[in-house]
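Asker: Sequence:
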Amino acid sequence: MKATLRAPASRAGAVRPVASLKSAVSRVASVAGVSIASLAVTLSAHANVTVKLGADSGALAFVPATVTVKAGETIDFVNNAGFPHNVVFDEDAVPAGVNADAISRGDLLNAPGETYSLKLSTPGEYGYYCEPHQGAGMVGKIVVQ
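Numbering (the working numbering), first residue to last: 998 to 1142.
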């Protein structure tokens, strides 16, 4: 079934032209010089991955605990609940040749919404933890493809 938009009848029962939503969107996109598919690809290519520091429930956790990204994609760690938090990469849990100290955020994030952003370019698995809450199981993993 094709969805259509119809204007209400007015002026002695006259009906305005019918246009499908798809054709209307396509016309707008063509005026802008883009296709819907290219717009979707462009938006997804620049989307950051967000990891919450502290669950909405208050649990001491990275949410999600494991993320997969492409090399060079941005990961935003956002202080959410149960703070203060930090993001420390374990030197024994990063790919060979990666300096764990250089990619860690040892300073505590204290305020809600405070963010630490990171781009990883070396493929592999990166294990990290929150120093104040490591004993409570606040650990995470990033898989870089």
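To be clear, the hints were calculated from the coordinates, so they are not data collected in a lab.
Take the hints with a grain of salt, since some may be wrong.
Unchecked claim - Quick list of simulated restraints, FRET-style, between CB atoms: (1) K1067 with G1132: 29 to 37 Å; (2) A1097 with G1069: 28 to 36 Å; (3) V1095 with G1055: 15 to 23 Å; (4) T1071 with D1098: 18 to 26 Å; (5) G1124 with T1071: 15 to 23 Å; (6) Q1142 with L1105: 17 to 25 Å.
Stated by the list, open to error - Computed cross-link-like contacts, DSS-like style, restricted to lysine-lysine with a CA-CA straight-line distance of at most 30 Å: (7) K1116 with K1138; (8) K1138 with K1067; (9) K1049 with K1067; (10) K1116 with K1049; (11) K1138 with K1049; (12) K1116 with K1067.
Beta carbons: idealized from backbone N, C-alpha and C, even for Gly.
Asker: If a hint holds in the structure, say so; if it does not, say that too.
Answerer: To see whether the hints hold, each was checked on the structure:
1. Separation of K1067 from G1132 is about 33 Å and conforms to the stated range, judged on CB atoms against 29 to 37 Å.
2. A hinted range of 28 to 36 Å for the beta carbons of A1097 and G1069 is inconsistent with their spacing of about 19 Å.
3. Between V1095 and G1055 the C-beta distance comes to about 32 Å, which lies outside the given range of 15 to 23 Å.
4. Checked against the hint of 18 to 26 Å, the pair T1071 and D1098 passes, with Cβ atoms roughly 20 Å apart.
5. Remark: the range hint 15 to 23 Å for G1124 to T1071 is upheld by a beta-carbon distance near 19 Å.
6. The hinted window of 17 to 25 Å between Q1142 and L1105 is violated, with their beta carbons roughly 30 Å apart.
7. At most 30 Å may separate the alpha-carbon atoms for a hinted pair to count; K1116 and K1138 meet this at roughly 14 Å.
8. A hinted pair counts as satisfied when its Cα atoms are at most 30 Å apart, and K1138 with K1067 qualifies at roughly 14 Å.
9. For the proposed pair K1049 and K1067, the alpha carbon gap of about 19 Å is at most 30 Å, so the pair holds.
10. Proximity of K1116 to K1049 is assessed by CA-CA distance (about 16 Å); at most 30 Å being required, the pair is judged to hold.
11. Distance restraint check for K1138 and K1049: the Cα-Cα separation of roughly 13 Å lies within the 30 Å cut-off, and the hinted pair is therefore satisfied.
12. Under the criterion of a C-alpha separation no larger than 30 Å, the hint pairing K1116 with K1067 is consistent with the structure, at around 10 Å.
When held up to the earlier numbered hints, the structure conflicts with 2, 3, 6 and fits the remainder.
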